[in-house]
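**Student:** If you read the protein sequences in the order shown, they are chains A and Z. Counting in the working numbering, the first sequence runs without a single skipped number right up to 272 at its last residue. Counting in the working numbering, the second sequence runs without a single skipped number right up to 1278 at its last residue.
Derived by calculation from the structure, the hints in this document are not laboratory data. Just so it is clear, CB atoms sit at the ideal spot from N, CA and C, and this is done for glycine as well. Hints should not be assumed to be uniformly reliable.
[To be verified] Residues from chain A that keep clear of chain Z, each with C-beta distances beyond 10 Å, as calculated:
#1 L56
#2 P57
#3 R74
#4 R113
#5 R159
#6 G187
[As the list claims (entries may be wrong)] Listing some non-contacts, in silico: residues in chain A with all C-beta distances to chain Z over 12 Å:
#7 R76
#8 R79
#9 L81
#10 S97
#11 G224
#12 S230
#13 R259
[Stated by the list, open to error] Just so you have them, the derived chain A footprint on chain Z, three or more residues with Cβ under 8 Å:
#14 1063-1077
#15 1258-1270
Now for the letters of each chain:
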Amino acid sequence: MLTFSDISFSYRDSPGADMALSDVDLAIAPGEEVAVLGANGSGKSTLARLANGILLPRTGAVAVDGIDTRDEQRIRELRGLVGIVFQHPDDQIVATSVEDDVAFGPENLGLERDDIRRRVDDAIAAVGLTGLERREPHLLSGGQKQRLAIAGALAMGPRYLVLDEPTSMLDPAGRRGVLAIIARLKGGGHGILHVTHDLADVATADRAVVLDAGRVAYSGTPEGLFSQSSLLESCGLELPPSVRLASALREFGVPVPRRHVIPETLVEALWP
Amino acid sequence: MALTLDGLGYTYAPRTEFAQCALEGVSLSVEVGEMVLVLGATGSGKSTLLRAAAGLIEAQSGSAMLDGSQLTRSSARGVVGLVFQDAESQLFAETVMADVEFGPRNLGASAAHASESAREALLAVGLDPDRHGARSPFTLSGGEARRAAIAGVLAMRPRYLMLDEPTAGLDARGRASIRATVRDARAHAGVVVVSHSAEEFLGEAERVVVLSRGTVAYLGSATDLIADPTPFAAAGLIAPDVLRFQMLARQHGCDPGAFCLDPVQAARNVAAAGGWGS
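For reference, chain Z alone in the conformation it holds in the complex:
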């Protein structure tokens, strides 16, 4: 069971003077239970890739397969869930519960079934169906509203979950709760997270795709990218602070050994390599 994009190409407004190539030869695959992190600067094609993976746009070249058959808008329906950036701005119903039930109802679920799925989804994102469910979405805090929006997608029980910048603009508690939600979602789904900040999910993803101007600048394991973070700069991105410090230390002749994301471990390694403390 996998969602596989192979050699995808997409141009906005093709064959017009406004034609703009957003993706070229991009490949990506995600299996149920794993997390793929897509990194890239603004305008690198991240959101276009996510829309293609969710079947919202059809690539002009390459192939898109969903569990062995062609990925289309209708085959993706209910199977691939997409959480847009600023998803909470799309909450619309009078109560949180009604908002989360909307997805399954729209897919044809009975009222009872939709309500059950919605309760389950709210619990999965750490919201109490009884306490938060009856409230207006507009009275939720930023982090709660973002989680309610994710619940609205989870309630459709997608096998693949796509999230566009899920932690942007949230405070520490909000970000931690989203990370936990995304981690838990892997029990039933393959997860693709798009982000401009590597720090948030690099430690949790199995694989990473780095996009640069619509092409793949890196495709490989998160471990390999941590060991050699040079693709960040090559794609016009800033590597996480802790990795950048270790790279710079090595350049100055103070080799901390294998790079790591943990700041305390990195500090220990650099201190030892530089002969400090001891």
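Looking at chain A on its own, in the form it has when it is part of the complex:
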């Protein structure tokens, strides 16, 4: 389990400083996807950075499979368990070919050549970039770059992945590809903390958590969240057209299955 136990965090040390996060409780099990939503400045990226000890909580504790992120002796082990992928794919690419970029992390661990090769091939396959191993990263599309960043995290063999707005800079096709990879990783047993401000991204998450000014304003199912329009508005979130379409269809008596918001799957369910 990746657990945040009653944590608070502030970027300044002084008493009375603005809290970026207050009293947040959250747990993610392997094979589970928890979506964390919120407007810009709600504290969701701070939460992501607390997950593997980049930041440490002021009060409360963050633990990964029982290892406290404050435990300096085990920080390497902990960072291996939690991979983080950020919003801008360009900021995370270090090498001049796809495979070298993915190999960067495992090489730093000082692993055997064969082990590195296997990790790199597996990670590249897991994100659907097989065949592009020698490609220069700057020639990839935005969606491919983001999948490369995910492969780089996967090559470290993490049990949990923290994705901080992985789709917000992507075009619709790139976004769809990244969401498909997330679903596949979840199915493969990774615990996923998916930070986003787009409600269309979270329809298939197991749980949705909304942060508002650093506090948990909602924690529950995505469907439950979609029906709370005044809460969404006060938290600076908006229902995307696909979600509004699905709930309007339901209102007009169309038998739309739960969690179906993508037009193609909606249509498959309605006209099998």
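Given the coordinates of chain A, assemble chain Z onto it according to the supplied hints.
**Tutor:** Relative to chain A, chain Z alone:
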């Protein structure tokens, strides 16, 4: 008064082994008061087109006219304003006010005149010159910083305003404020918005240009594109979810009639066509 590009062609690194054709035979025109939306996948030439329209690069073929005379780098100066993608990363001055004043000062405006233009521009993007003006640009939220960057261009009072992916990466509030800013800018300017996501501006634009690998795959009214969204797929783009649902419903024999962008209206039409509810 119009900015008109006709049959534009542009190749990067021409006559070298790295030559890459970015635009071929592309036409586009925008008049003061209207909005043109340019859609296209990554690498389709959208940003190159915007740079040509702003006079930053000179096309190798075709013509570019600005209010009846040749569009050049110097004639575009102060007349065509370009807001780059991730514009907030280019904020540099110590205060927001100084940053927004930079453009008019650079065009030769007096300090008083530049300050007046900057205040006006900040108000136009919904920022308070007194409250936000004195702050460092680096303390602004994502949406505020993007608006400050747009204000920096508006302060030069351009007759044509070009925006490259103005809402990318912003949350709902940030995107709504940018849309309002762009809508208001039409009172004094012709606006060209480049985006990879049609959902954001399709409902507001008069005309749409869809680019595919440097050529025009669609040029026409937004209304016609909503009525027949097939050019999206032809250009390798995904049509907005609500339109795609209506197209798929029609393919399955459930014809909702004329397509619309509004999700509730679309749901009503599909429900009625399929005989649900009633």
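**Student:** Hint by hint, work out which the structure violates, then give me just those numbers in ascending order.
**Tutor:** When the structure is compared with the hints, only number 14 turns out to be violated.
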